[in-house]
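Q: Line by line, the protein sequences are chains A and B.
Read in order, the letters of the first sequence correspond to residues 364 to 696 in our numbering.
Read in order, the letters of the second sequence correspond to residues 364 to 696 in our numbering.
Note that these hints are calculated values from the structure, not bench results.
A few of these clues could be false.
A pair holds if it fits inside one copy or across any two, identical chains being indistinguishable in the list.
Unchecked claim - Here are the simulated EDC-like pairs of lysine to aspartate or glutamate, each with C-alpha atoms no more than 20 Å apart in a straight line:
#1 K440 to E455
#2 K556 to E455
#3 K440 to E554
#4 K623 to E544
#5 K623 to D475
#6 K623 to E634
#7 K601 to E497
#8 K440 to E609
#9 K556 to D501
#10 K623 to D505
#11 K601 to D433
#12 K504 to E672
#13 K509 to E672
Number of protein chains: 2
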Amino acid sequence: MPELRRDPITGRWVIISTDRQKRPNDFRLEHFATIGREQCPFCPGREAMTPPEVLSYRQNGSAANAPGWDLRVVPNKFPALQVEGTLDREGEGLFDRMNGIGAHEVIIETPDHDRPLAAMSEPEIERVLWAYRERILDLKKDFRLKHILIFKNHGAAAGATLDHPHSQLIALPIVPDFVREELDGARRHFEVKERCVFCDIVRDELRDGRRVIQENADIVALAPYAPRFAFETWLLPKQHGARFEEAPRHVGESLARLLKPVLQRLDRTVEMPPFNLVVHTAPSAEDVRDTYHWHIEIMPRLTRVAGFEWGTGFYINPTSPEEAAKVLRSVRL
Amino acid sequence: MPELRRDPITGRWVIISTDRQKRPNDFRLEHFATIGREQCPFCPGREAMTPPEVLSYRQNGSAANAPGWDLRVVPNKFPALQVEGTLDREGEGLFDRMNGIGAHEVIIETPDHDRPLAAMSEPEIERVLWAYRERILDLKKDFRLKHILIFKNHGAAAGATLDHPHSQLIALPIVPDFVREELDGARRHFEVKERCVFCDIVRDELRDGRRVIQENADIVALAPYAPRFAFETWLLPKQHGARFEEAPRHVGESLARLLKPVLQRLDRTVEMPPFNLVVHTAPSAEDVRDTYHWHIEIMPRLTRVAGFEWGTGFYINPTSPEEAAKVLRSVRL
């Protein structure tokens, strides 16, 4: 059973996922290779290689766990957390832990092994976003789960082990620190100003323009003022809303319409970079409707400089967001 | 001039180091290759390839910036921060910034290109630790600098660009978040218990034993209870002390005596892993003598899983610290 443990100094929770543990003679450095088409468990016809699907979008009434799907969501075969069991909390001297109740799912975004998000049509991207939404809404019914995290590792250097386009969902019995920091900061801003800090940022950035990459009626893509990574890009809804999964359908359409060119701009500027994409939405059980503002953060993984940052949370970025936005804006699509 | 910027939501400071900025046509992914012996600017005889030294340990009265040294400290040729200038702070709407005053130095640990820390003799390791101490004590005289960070990236995958054994020092006009989190957590513990949380951990871990890797009279090496990384290892002084640079000489000797076998154990268990080593010491100008406790954290970089963690600060670790400590303890040296 995986375990959640809390660092007694910083309060940071980590998952100790011993079910994924390597054999003692296999502690070496993992190589940065991904599983290719020949053995890909996410390609049509290999549905038996994954656990049974929890959601699929299918045409022509094809049977579950058989070809004919446009998108599939399956439990992760090597989950960091487990759905079964009760959420036991335990203290041991200084230390706090709970058993690793949660969910870990894979969103297989397309049957096409070679069709990354940036190459998909807008309706296909919208379908992926819709699947995110449906899975969040379903898992929120489980009151043990306090936060649902959706992310995408694109490229081996960003942590992907499979080339086939996919995202991941992790539902957690705690709210992770990086979400807590955002929530706390946004609450402090609201307490002083009675306004959402993200709304203030969107308004100021649109007026200023230097860090805006692209916008449409509902969404703006911008280089944040204090980016941790070169070409870090955020997509924010212009209309306030705390939860990604509660955004109106037309906002989802606008998001898909903007996500595609933003990814294309990154691809053309920095030559198909590996990246992590993280959906930031409010924790399931917390009422932060006034203070929090859902958004998407894309972090390209370009520089080795980040080796150090990784262990300390302290970031040195060699590219200013004004320069990054300017370069990204200038890409001809 | 580099710039420090504060994220208006989380309060996180980042360095935008545009002096290190790449040309617009050079935004591609950096390759994981390091500079080898042929072009190594840190080897004896190539002293002119680095900025003039700020400290060196030399034998036989050899001249500065010439061969004959055992250890050299030089300013980083591509500094993330600059020493010259005044510390101007500025607000712009929602945003806060200051100019990037600070220091960025390189500690060239040995003249021998092929002598990593784990292969050095104890007196050689002690000399490296002594250089850390001397540089911290010198830079603390500059009241603009609020925190001094010493770290080591070992191996290309950990961010090192040069094979030649070296550490880095960054002196900052702010206290970085990861240090602030530790300070805050330690202060909260002290407020409740009137005891240092690190002292409590050392005492409990020595009594329990399951996570202890090795110890001597003054220092204990342990796998922390909630490690972010597989085989993460902390070295803590048994005697309370907030500042690494104020530790008595015999503690420095004990640290060197323990650091060597700990690195050897990691090397033999996980086959010479890339790692980041970070010295955690109290911020220069803060009186946290009762609550903070200096220590060293070593984070091996083994798994790709961390791709995601890098962008979110949320960690999944496939190896329990009890298992890691057991494996490391069992290595025959």
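Q: Please work out whether the CA atoms of K556 and D501 approach to 20 Å or closer within one copy, between two copies, in both situations, or in neither?
A: Answer is neither: 35 Å inside a copy and 43 Å across each miss the 20 Å cutoff.
Q: Is it within, between, both, or neither for K440 and E554, if the alpha carbons may be no more than 20 Å apart?
A: neither (44 Å within a copy, 45 Å between copies)
Q: Using 20 Å as the alpha carbon limit, work out where K504 and E672 are close: within a copy, between copies, both or neither.
A: Classified as neither; 36 Å inside a copy, 26 Å across copies.
Q: Can you give me the call for K440 and E455, within, between, both or neither, at a CA distance of at most 20 Å?
A: neither (31 Å within a copy, 49 Å between copies)
Q: Cα distance capped at 20 Å. Does K623 pair with D475 within a copy, between copies, both, or neither?
A: within (17 Å within a copy, 51 Å between copies)
Q: Cα distance capped at 20 Å. Does K601 pair with D433 within a copy, between copies, both, or neither?
A: neither (30 Å within a copy, 59 Å between copies)
Q: Should K440 paired with E609 be assigned to within, between, both, or neither, using CA atoms and 20 Å as the limit?
A: Classified as neither: same-chain Cα gap 29 Å, cross-chain 50 Å, threshold 20 Å.
Q: When no copy is specified for K623 and E634, does a C-alpha distance of 20 Å or less occur within a copy, between copies, both, or neither?
A: Cα proximity of K623 and E634: one copy only (15 Å, versus 42 Å across).
Q: I want to check one pair: K509 and E672. Are their C-alpha atoms no more than 20 Å apart within a copy, between two copies, both, or neither?
A: between (28 Å within a copy, 19 Å between copies)
Q: Treating 20 Å as the Cα threshold, decide for K556 and E455: within, between, both or neither.
A: between (42 Å within a copy, 16 Å between copies)
Q: For K623 and E544, with the copy left unspecified, which applies at a CA distance of at most 20 Å: within, between, both, or neither?
A: Neither way: K623 and E544 sit 29 Å apart in one copy and 37 Å across, limit 20 Å.
Q: Up to 20 Å between alpha-carbons, please classify K623 paired with D505: within, between, both or neither.
A: neither (33 Å within a copy, 49 Å between copies)
Of the numbered hints listed earlier, those contradicted by the structure are 1, 3, 4, 7, 8, 9, 10, 11 and 12.
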